[in-house]
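A.B. asks: Here are the chains, one letter per residue:
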Amino acid sequence: MDYNEIGLKAGIEIHQQLDTKEKLFCHCPTKLRDVEKRNGEFKRYLRATESEMGGVDRAAEEEMKKQDRIYTYYEYDTTCLVENDEEPPAPMNREALGLTLTLAKMMNMTPVEQVHVMRKLVIDGSNTSGFQRTSLVALNGTIHCIPGGANIESICLEEEAAQRVKGDIFSLDRLGIPLAEITTAPDMKTPEQVKEVASYIGMILRSTGKVKRGLGTIRQDVNISIKGGARVEIKGVQDLNLIDEVVRREVLRQLNLISIRDELRERGASVSEEVFEVTELFRDTKSSILKKAKCILAVRLNGFAGLVGKEIQPGRRLGSEISDYAKKCGVGGLFHTDELPAYGVTAEEVKALKESAKAGDDDCVILVADTKKKAKCAIGQILKRSKLAFEGVPEETRKMLEEGSTAYMRPLPGADRMYPETDVFATDIDDEYWQSVQIPELLTEKEKRFTEEFGLDKALAKNIAFSVRCPLFEEAVAKGVRPNLAARTIYSTLREIRREGFDTKSVSDEDLLSVLTAVECGKAAKEAVPDILKAVINGKSVGDAVNEIAPAVSEEELTGVIKKVISERTEFIEEQGMRALGPLMGVVMKEMRGRADGKVISEILKKELLKML
Amino acid sequence: MTIEPGERVLCTYAGTQLKGVFITERNKKAVIKLDNGYNIGVDYETLKKTEKTATHAPSQKKIEQNTSLPKLSIISTGGTIASKIDYRTGAVTSQFEADDILRAIPGLKDIACFSAHVPATILSENMTPSIWKTLSKTIYDEIKAGTKGVIVTHGTDTMAYSAAAVSFMVKTPVPICFVGSQRSADRPSSDNVMNGMCSAKAALSDLGEVTVVMHATTNDDYCTIHRGTRVRKMHTSRRDAFRSMNEKPLGKVEYPSLDVTLEEHVVRRGHNSPKLFDRLEEKTGLLYFYPGMSPDIIRAFSGYKGLVLSGTGLGHTSSVCIDAVRELAETGTEVVMTSQCLNGRVCDRVYDTGRDLLDAGITEGEDMLPEVAFVKLMWVLGQERNPSRIKELIKTDLRGETGRCTPNGL
Chain A
1 MDYNEIGLKA
11 GIEIHQQLDT
21 KEKLFCHCPT
31 KLRDVEKRNG
41 EFKRYLRATE
51 SEMGGVDRAA
61 EEEMKKQDRI
71 YTYYEYDTTC
81 LVENDEEPPA
91 PMNREALGLT
101 LTLAKMMNMT
111 PVEQVHVMRK
121 LVIDGSNTSG
131 FQRTSLVALN
141 GTIHCIPGGA
151 NIESICLEEE
161 AAQRVKGDIF
171 SLDRLGIPLA
181 EITTAPDMKT
191 PEQVKEVASY
201 IGMILRSTGK
211 VKRGLGTIRQ
221 DVNISIKGGA
231 RVEIKGVQDL
241 NLIDEVVRRE
251 VLRQLNLISI
261 RDELRERGAS
271 VSEEVFEVTE
281 LFRDTKSSIL
291 KKAKCILAVR
301 LNGFAGLVGK
311 EIQPGRRLGS
321 EISDYAKKCG
331 VGGLFHTDEL
341 PAYGVTAEEV
351 KALKESAKAG
361 DDDCVILVAD
371 TKKKAKCAIG
381 QILKRSKLAF
391 EGVPEETRKM
401 LEEGSTAYMR
411 PLPGADRMYP
421 ETDVFATDID
431 DEYWQSVQIP
441 ELLTEKEKRF
451 TEEFGLDKAL
461 AKNIAFSVRC
471 PLFEEAVAKG
481 VRPNLAARTI
491 YSTLREIRRE
501 GFDTKSVSDE
511 DLLSVLTAVE
521 CGKAAKEAVP
531 DILKAVINGK
541 SVGDAVNEIA
551 PAVSEEELTG
561 VIKKVISERT
571 EFIEEQGMRA
581 LGPLMGVVMK
591 EMRGRADGKV
601 ISEILKKELL
611 KML
Chain B
1001 MTIEPGERVL
1011 CTYAGTQLKG
1021 VFITERNKKA
1031 VIKLDNGYNI
1041 GVDYETLKKT
1051 EKTATHAPSQ
1061 KKIEQNTSLP
1071 KLSIISTGGT
1081 IASKIDYRTG
1091 AVTSQFEADD
1101 ILRAIPGLKD
1111 IACFSAHVPA
1121 TILSENMTPS
1131 IWKTLSKTIY
1141 DEIKAGTKGV
1151 IVTHGTDTMA
1161 YSAAAVSFMV
1171 KTPVPICFVG
1181 SQRSADRPSS
1191 DNVMNGMCSA
1201 KAALSDLGEV
1211 TVVMHATTND
1221 DYCTIHRGTR
1231 VRKMHTSRRD
1241 AFRSMNEKPL
1251 GKVEYPSLDV
1261 TLEEHVVRRG
1271 HNSPKLFDRL
1281 EEKTGLLYFY
1291 PGMSPDIIRA
1301 FSGYKGLVLS
1311 GTGLGHTSSV
1321 CIDAVRELAE
1331 TGTEVVMTSQ
1341 CLNGRVCDRV
1351 YDTGRDLLDA
1361 GITEGEDMLP
1371 EVAFVKLMWV
1381 LGQERNPSRI
1391 KELIKTDLRG
1401 ETGRCTPNGL
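Chains A and B supply the protein sequences, listed in that same order. Using my numbering, read the first sequence as starting at 1 and increasing by one per residue. Using my numbering, read the second sequence as starting at 1001 and increasing by one per residue.
Simulated from the structure, these hints should not be mistaken for laboratory data. As the structure is a prediction and not an experimental result, all values here were calculated from the model. Errors might be hidden in some of the hints.
[Stated by the list, open to error] Think about it this way: if two alpha-carbon atoms lie no more than 30 Å apart in a straight line, the pair counts; the simulated DSS-like pairs of lysine-lysine are:
(1) B:K1029 x B:K1049
(2) A:K105 x B:K1029
(3) B:K1109 x A:K105
(4) A:K43 x B:K1109
(5) B:K1109 x A:K120
(6) A:K373 x B:K1049
(7) B:K1248 x A:K105
(8) B:K1109 x A:K328
(9) A:K120 x B:K1248
(10) A:K43 x B:K1248
[As the list claims (entries may be wrong)] Reference excerpt, derived from the structure (chain B facing chain A, CB under 10 Å, subset only):
(11) E1007
(12) L1010
(13) T1016
(14) K1029
(15) D1035
(16) Y1038
(17) S1184
(18) D1186
(19) V1193
(20) M1234
(21) H1235
(22) D1240
(23) S1244
(24) Y1288
(25) G1292
By construction, the Cβ of each residue, glycine as well, lies at the ideal position given by its N, Cα and C atoms.
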């Protein structure tokens, strides 16, 4: 695909949870909890309200189509009345603001002189208040990771939304965790560039050492448009490895929608406003969905035959797009004649349906089954989306599905969804404050330094620089532990024993540091490290583990063992000469089980062998 | 260069030109709303006026009412249920009129046909006895004009005082339902819709007294109907802040079904005929006793016609305050003792201090809430001059504010 030719323009928004002690607008910890640990729940309704400028946000308006907007929230001993929307917010967390400014400085941005907290209307249930608090902190920066560089439009500090447990149930533990939102200009021209920029920003974020790690703690939204298409925002790409695929698939979708539009125009297609009630037609149907429906309504799309069923993205058709709109009214989905007979609907029923809807061979009939109210609402949405097919690509917000295809979520929101958070004072960012913001070393610089300064090999340097335990590595080295030993233990050894099934997360940095120091001052051999760590994971203290697994061995004792090994293999040694050193090393090491350092063993062994030969 | 709120501006900042609308000034910075919806504060020098555009005001769509529905009166005094952001100060203020409440709670128009009155538009901390008089008169006029029920929208902070005041000032044959909201009307999660709808149904019910209708729990599931003289705000911010004290609530209204259930002990619709008693003695005080309080503070009420003391436990002040109480009582101030415990009944016959206080001339406020006793005393002193008659009225249950027996389980 020649992305230049189709005029691909893409920008990204990266949402990263910050690893602060407290939440953004209350003093609760930023800890995720098991839903089983909840200690209460409550139910609330949400409804769209007017913005300060008098408008109602179109995304919120669409959300209002849902009949029952009652949401359930789980609360915990680590959440409070602020999350419950039962208490005004606390002043903005200064730690989170400081971190956001650090990020802004790292991306060469200009801070806003006075930061104002806004309420962004979101009534899908993910915020108990019906809005998300967000503030614009800095503007206009640049990063240099793609040819020509990428411009960073803004960085916002906002509160994380509540996590959906299932359906309309949300968990309040995540609500209020500080989130930095970095928005780039639409500077990326290929799917690969999108991935590159996202990964570079990810690196900048992690360089602070103060961001949350793990699945769901960073989410990317991608804005994509092509020539003749429209701006589409794809929300919540959690896996960086999929981001380029998402772009490719969206390009494909837009190209297909444009070609459907052209085909519709050529055919002289139209959307009939006439709605047909066809409930009776399916009284004795074998389709269980249609049979139990209280009301079945149908509409005719003139000249749409074959196009509704046309695939526009892997696993997605124009019919799926229309269905997404209908689902906003709470219906399960729709049937269309491009895919029927199927799902228990017979050819005769299709024929009768087409007759009832006065549909010809070139037309497509869409039907929807539910309560009368919901079905009517869904028909309105079906007509709305079908008409949009004549425009090609509608501007909208979409959500990512598995594998990288997407589904319609809601219209692109506008400025109408924002109004001031009056309960939080504005914060001035004066020059002195801005000057005091320190920039941390980038992980990529760190990686380079580890190779040059510590002589680590490139791969290990990178791995340790990007590892969560990098600060521990640096601390250990500063305390005199050999860099190689520290890096290998912290990165490779931990990884190896994790693969054996040990929960390495339970080993604290403190314990790791004690083990490393023990090795460094000769209390244990480095060969004993895996076993010591395993013992620590199983609940032993580092001291006990070292004493048990690698009790101190005197040189005398070690020499004794070596002598014994040699005396048992005189024939072999006589035969091999000094070549026996290697194999004997292995025997002694096994015998000592990590209680002595390899280097010391080697020295004594060599001495004893020379003596004998 | 002066820029008016609502004018469009170009802002040159961070090396780019940003478009937006000037909102207000904050800490010497110009607050502008950027076209992406965010507000930021910048130096005035960065701004340039462009075309003048007035901000569009919130829609003023006329509310079509169904005149075949029963008639209810909605009387607005302000408060969070009717609040909106003031872009001048950036704080939440009351500036809605009753019609706006119908707009904010569209479901109301399917329940009744409303006539709206705005005797005051204030935050509830600015309420005064004189506004209680205006409010009572407005309510009384509506009742005389044949309304089926009255809804009073009110700020929650002093709603219990106003409900108690209206309880004494208006004898009513129809329900008078005070309602408010704890979370502002401009937020999607506001409790104004549920409270408003439930209060409308309560105002159409078989009640015949002054009530407060508010969220019963933190859930949007039902509202409790509290008696106007037995209710108290017990939480600063939760939506279920209101509780009935020393008495079971009068009933509840389920949401969203809006089914009303009333208890046995309610005063029924039509039981009283309408009367207005709008005289209040404003030289009445309410004082919260605390350990170590100087008797001078009590003496500061010298010249007052009445003083309610919110005492400790069964109804005490420290011994050093007793002389000051005696001086007040002897110079004609009616001193009523209530308890900081809120739950339970005053009894000054158990401990010596209590007996001394009785001897000094206080009247026991029975199981009345301190603020209800305060409003009642103000009202009684407005109606009656005779000291022994005043004492008698204080101890007599007039509007369900006090009972002969303290009920079980409360």
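A.B. asks: Each hint needs a verdict: does it hold in this structure or not?
C.D. replies: Evaluation of the provided hints:
The hinted pair formed by K1029 of chain B and K1049 of chain B meets the criterion: a straight-line CA distance of about 16 Å does not exceed 30 Å. For the proposed pair K105 of chain A and K1029 of chain B, the alpha carbon gap of about 22 Å is at most 30 Å, so the pair holds. Proximity of K1109 of chain B to K105 of chain A is assessed by CA-CA distance (about 54 Å); at most 30 Å being required, the pair is judged violated. Simply put, K43 of chain A and K1109 of chain B have alpha-carbon atoms about 25 Å apart, close enough for the 30 Å limit, and the pair holds.
Between K1109 of chain B and K120 of chain A the alpha-carbon distance is near 29 Å, which keeps this suggested pair within the 30 Å criterion. Only pairs whose Cα atoms come within 30 Å are accepted, and K373 of chain A paired with K1049 of chain B is rejected, the gap being roughly 49 Å. Note on K1248 of chain B and K105 of chain A: the hinted pairing is violated, with a Cα-Cα distance of about 61 Å set against a maximum of 30 Å. Only pairs whose Cα atoms come within 30 Å are accepted, and K1109 of chain B paired with K328 of chain A is accepted, the gap being roughly 26 Å.
Distance hint between K120 of chain A and K1248 of chain B is unfulfilled; the C-alpha atoms sit about 41 Å from each other, more than 30 Å. With a C-alpha separation of about 25 Å, the suggested pair K43 of chain A and K1248 of chain B falls inside the 30 Å cut-off, and the hint holds. A cut of 10 Å between beta carbons decides the hint on E1007 of chain B: the least distance to chain A is about 13 Å, and the hint is violated. With a least beta-carbon distance of about 15 Å to chain A, the hint placing L1010 of chain B at the interface is violated under the 10 Å criterion.
Taking 10 Å as the C-beta contact cut-off toward chain A, the hint placing T1016 of chain B at the interface holds, the least distance being around 6 Å. Interface hint at K1029 of chain B: satisfied, since its Cβ lies 5 Å from the closest Cβ of chain A, which is below the 10 Å cut-off. Annotation: D1035 of chain B was flagged as interfacial toward chain A, and the flag holds, the nearest CB pair being 6 Å apart, inside 10 Å. Among the interface hints, the one on Y1038 of chain B holds; its C-beta lies about 4 Å from the nearest C-beta in chain A, closer than the 10 Å criterion.
This hint holds: S1184 of chain B has a C-beta 8 Å from the nearest C-beta of chain A, less than the 10 Å allowed. A hinted interface residue such as D1186 of chain B counts as satisfied when its beta carbon comes closer than 10 Å to some beta carbon of chain A; here the least separation is about 5 Å, so the hint holds. With a cut of 10 Å, the hint placing V1193 of chain B at the interface with chain A holds, because the nearest CB-to-CB distance is about 7 Å. The closest approach between the C-beta of M1234 of chain B and any C-beta of chain A is roughly 13 Å, which is over the 10 Å cut-off, so the hint fails.
Among the interface hints, the one on H1235 of chain B holds; its C-beta lies about 8 Å from the nearest C-beta in chain A, closer than the 10 Å criterion. A least Cβ separation of about 9 Å between D1240 of chain B and chain A falls short of the 10 Å threshold, and the interface hint therefore holds. With a cut of 10 Å, the hint placing S1244 of chain B at the interface with chain A is violated, because the nearest CB-to-CB distance is about 20 Å. Below 10 Å, beta-carbon pairs count as interface contacts, and Y1288 of chain B has none with chain A, the closest being about 24 Å; its hint is therefore violated.
The interface hint given for G1292 of chain B is broken, as the beta carbon of that residue sits about 32 Å from the closest beta carbon of chain A, more than 10 Å.
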